[in-house]
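A.B. asks: So the protein sequences, as listed, match chains B and A. Counting along the first sequence from 1, when you hit position 7 you're at 30 in the numbering used here, and nothing is skipped either side. Counting along the second sequence from 1, when you hit position 2 you're at 46 in the numbering used here, and nothing is skipped either side.
Any given hint could be a false lead.
What the hints assert, rightly or not - Straight-line Cα separation of at most 20 Å, SDA-like style, residue types lysine to any residue; simulated pairs:
(1) LYS84/B to ARG156/A
(2) LYS99/A to GLY118/B
(3) LYS101/A to SER26/B
(4) LYS47/A to GLY118/B
(5) LYS72/B to LYS101/A
(6) LYS72/B to LYS99/A
As the list claims (entries may be wrong) - Covered, in the sense of this in silico footprint (three residues per stretch, anywhere, with C-beta under 8 Å from a C-beta of chain A), are these stretches of chain B:
(7) 68-81
(8) 117-128
To be verified - Calculated Cβ distances over 12 Å to all of chain B for the following chain A residues:
(9) LEU87
(10) LEU89
(11) ARG117
(12) MET132
(13) ARG138
(14) GLN149
No lab work stands behind these hints, which were simulated from the structure alone. No residue lacks a Cβ here, since even glycine has one placed at the ideal position from N, Cα and C.
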Amino acid sequence: AQSVTQPDIHITVSEGASLELRCNYSYGATPYLFWYVQSPGQGLQLLLKYFSGDTLVQGIKGFEAEFKRSQSSFNLRKPSVHWSDAAEYFCAVGGYNKLIFGAGTRLAVHP
Amino acid sequence: DVKVTQSSRYLVKRTGEKVFLECVQDMDHENMFWYRQDPGLGLRLIYFSYDVKMKEKGDIPEGYSVSREKKERFSLILESASTNQTSMYLCASRPLDRGRSTDTQYFGPGTRLTVL
């Protein structure tokens, strides 16, 4: 079955610290992978996506993600978190005519 | 920039009422989607439309219907609202892409619906 797992429901980091949000997927074919961010009261905004090629993908707002086929993972990273990064983050895999989303990880940033 | 707008940010309705949620996109996208977002469940697809008057059921279509009479507008209808339909509803659009979802979906700000 196609699915996306985000093991961490909540994560809290200090401003300036590094961040890694985990995402594992289950998909039979080559996965097309996405990370979206939802700021409070907002819709979802695309951070980055992976279809093929270089397995390290750069996105907006200083985020990057690495596709690891052997681990079925697509973890999101940022070297130094800003207070404005506090939001909910969703990993998704492109299925037939739809996106399959994980449950999301809510990120809190302490000053 | 792609813009997807939804008619209401917050909506409160009573059980049994017929509810219309409207979504409009301005980028001439063929595909439009309605998702429901609940804590701990992420986003789940209710319906999707790949063209005017064309629709397909998503993962949780029960209790919902949709209408797509014009390319830019996609409506979600709750025929008889129930309390378990209290949720955040998100609309999205993307260019034509039948098959694997390779193209970015663009999301509206969401409608938080409360059914009393």
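A.B. asks: All hints are to be evaluated individually against the structure, with a verdict given for each.
C.D. replies: Now the hints, each set against the structure:
no., hint, verdict
1, LYS84/B to ARG156/A, "violated, 27 Å"
2, LYS99/A to GLY118/B, "holds, 17 Å"
3, LYS101/A to SER26/B, "holds, 18 Å"
4, LYS47/A to GLY118/B, "violated, 24 Å"
5, LYS72/B to LYS101/A, "violated, 25 Å"
6, LYS72/B to LYS99/A, "violated, 26 Å"
7, 68-81, "holds (count 4)"
8, 117-128, "holds (count 10)"
9, LEU87, "violated, 4 Å"
10, LEU89, "violated, 5 Å"
11, ARG117, "holds, 17 Å"
12, MET132, "violated, 10 Å"
13, ARG138, "violated, 9 Å"
14, GLN149, "violated, 6 Å"
Checked against the numbered hints above, the structure breaks hints 1, 4, 5, 6, 9, 10, 12, 13 and 14 and satisfies the rest.
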